[in-house]
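A.B. asks: Working from the sequences, and respecting the hints, build out all of it.
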Amino acid sequence: MAPEKVSLPPFQALVDAHWRDVARLARALAGPVDGDDVAQRAWEKAFAAYPGLASAKNLRSWLLTITARCATDVHRARRPQSPLDEAPPIAVDGPDAANWPDPDLWQAVNELPERQRFAITLKYVGDLDHHGVAAALDTTPAASRRLVSDALATLRTKLGVHL
Amino acid sequence: MNDLESRLSRLTAPDLKPPVFPTADVAYTLHDTPIGTMLLAVANGRVVASSFGDEETMTNRLAKAVSPRVLRQPRPLDDVRRQLDEYLAGRRHEFELDVDLALATPFQRLVLSDLPAHTSYGRTTTYGRLAGEIHKPKAARAVGTALGANPVCVVLPCHRVIGSSGALTGYAGGLDAKRFLLNLESKS
Chain A
1 MAPEKVSLPP FQALVDAHWR DVARLARALA GPVDGDDVAQ RAWEKAFAAY
51 PGLASAKNLR SWLLTITARC ATDVHRARRP QSPLDEAPPI AVDGPDAANW
101 PDPDLWQAVN ELPERQRFAI TLKYVGDLDH HGVAAALDTT PAASRRLVSD
151 ALATLRTKLG VHL
Chain B
164 MNDLESRLSR LTAPDLKPPV FPTADVAYTL HDTPIGTMLL AVANGRVVAS
214 SFGDEETMTN RLAKAVSPRV LRQPRPLDDV RRQLDEYLAG RRHEFELDVD
264 LALATPFQRL VLSDLPAHTS YGRTTTYGRL AGEIHKPKAA RAVGTALGAN
314 PVCVVLPCHR VIGSSGALTG YAGGLDAKRF LLNLESKS
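Protein chains in written order, with the working numbering: chain A, 1 to 163; chain B, 164 to 351.
Just so you know, these hints were derived from the structure itself, not from any lab. From a predicted model like this one, the values you see are computed outputs, not experimental measurements. Hints should not be assumed to be uniformly reliable.
Under the rule of at most 20 Å between Cα atoms (straight-line distance), these lysine to aspartate or glutamate pairs were calculated in the DMTMM-like manner [to be verified]: (1) A/Lys45 to A/Asp138; (2) A/Lys158 to B/Asp166; (3) B/Lys180 to A/Asp37; (4) A/Lys57 to A/Asp16; (5) B/Lys180 to A/Asp16; (6) B/Lys180 to A/Asp36.
C.D. replies: In structure tokens:
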């Protein structure tokens with residue numbers, strides 16, 4: 001017997017509601033050079049997988065998770081030998097990177113180790129809770145919490161913010 | 164949320180690029196016409212909607228009935244738009260388009276699918292006569308309701324069907340639109 005059909009909203013509604021968040025997250029995860037490519041790939045994957053989705057719940061975090069996985073793939077493809085946490089910072093010499101709002105913060109975020117950068121970006125740019133961050137990073141909420149607090153500590157030191 | 168966290172949550176970049184997609188299972192566009200804004204949609208090269216319904220309602224119905232991969236993509240609708248514009252300018256009497264009544268119920272399909280054969284350009288027929296021609300002589304009222312639910316307006320000419328008294332009775336795009344279409348056909 002065929003499984004009961006899930007009632008999914010038209011894909012255009014997802015694009016309209018979330019494309020800016022996906023693009024923002026992709027730039028933050030993969031940097032100005034690869035960010036647009038990561039966002040485009042994430043949408044292609046989501047588009048291909050969409051009719052087979054088992055649930056219409058949490059479509060936003062589903063999209064952000066795909067975006068995080070695409071960013072990881074790009075990163076791994078660039079540096080196949082290095083273990084994740086020792087990967088060097090992402091390329092930031094994009095054409096306009098210096099003109100982005102809050103360049104100091106961008107710089108500091110880009111210099112974080114990859115797992116920390118992913119966790120903090122998913123948490124704040126993606127506005128996911130620790131369960132969402134953990135799902136996107138294949139880890140536990142406790143580990144997500146730790147990554148985010150380590151990242152915040154590093155950023156505070158780098159930016160001279162005392163909070 | 165402290166200052167650093169709020170700075171992070173506002174972190175953004177200029178010139179974000181919207182994604183591009185291959186042709187969707189259901190491609191649609193909103194098209195402005197003299198009788199109002201119409202939502203036109205194609206799936207597998209067939210017209211599945213030519214409707215006065217609002218975008219959210221129609222795209223949700225299409226997602227459910229055809230495929231959730233519904234996208235606003237004007238290009239696959241070029242031919243439909245061109246033929247519609249020609250018709251609305253009085254330069255076209257028949258549509259050369261394949262129609263898919265995916266949004267219709269079986270009874271609506273029975274009423275709507277042969278509508279071009281049961282009507283002709285510039286002429287009107289009545290709900291009762293149409294009911295007789297599809298061998299449902301007692302179903303004039305149900306036929307009227309089915310026509311009112313036409314998801315492929317204008318292309319399937321439900322506007323050519325009126326009450327036996329000559330009253331226009333009703334139209335999804337409003338009676339002014341029905342009057343416009345009948346006037347257009349009687350002049351052209």
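A.B. asks: For each hint, tell me whether it holds in the structure or not.
C.D. replies: Outcome of the hint check:
no., hint, verdict
1, A/Lys45 to A/Asp138, "18 Å, holds"
2, A/Lys158 to B/Asp166, "15 Å, holds"
3, B/Lys180 to A/Asp37, "10 Å, holds"
4, A/Lys57 to A/Asp16, "17 Å, holds"
5, B/Lys180 to A/Asp16, "13 Å, holds"
6, B/Lys180 to A/Asp36, "7 Å, holds"
Comparing the model with each earlier hint shows no violations; every hint is respected.
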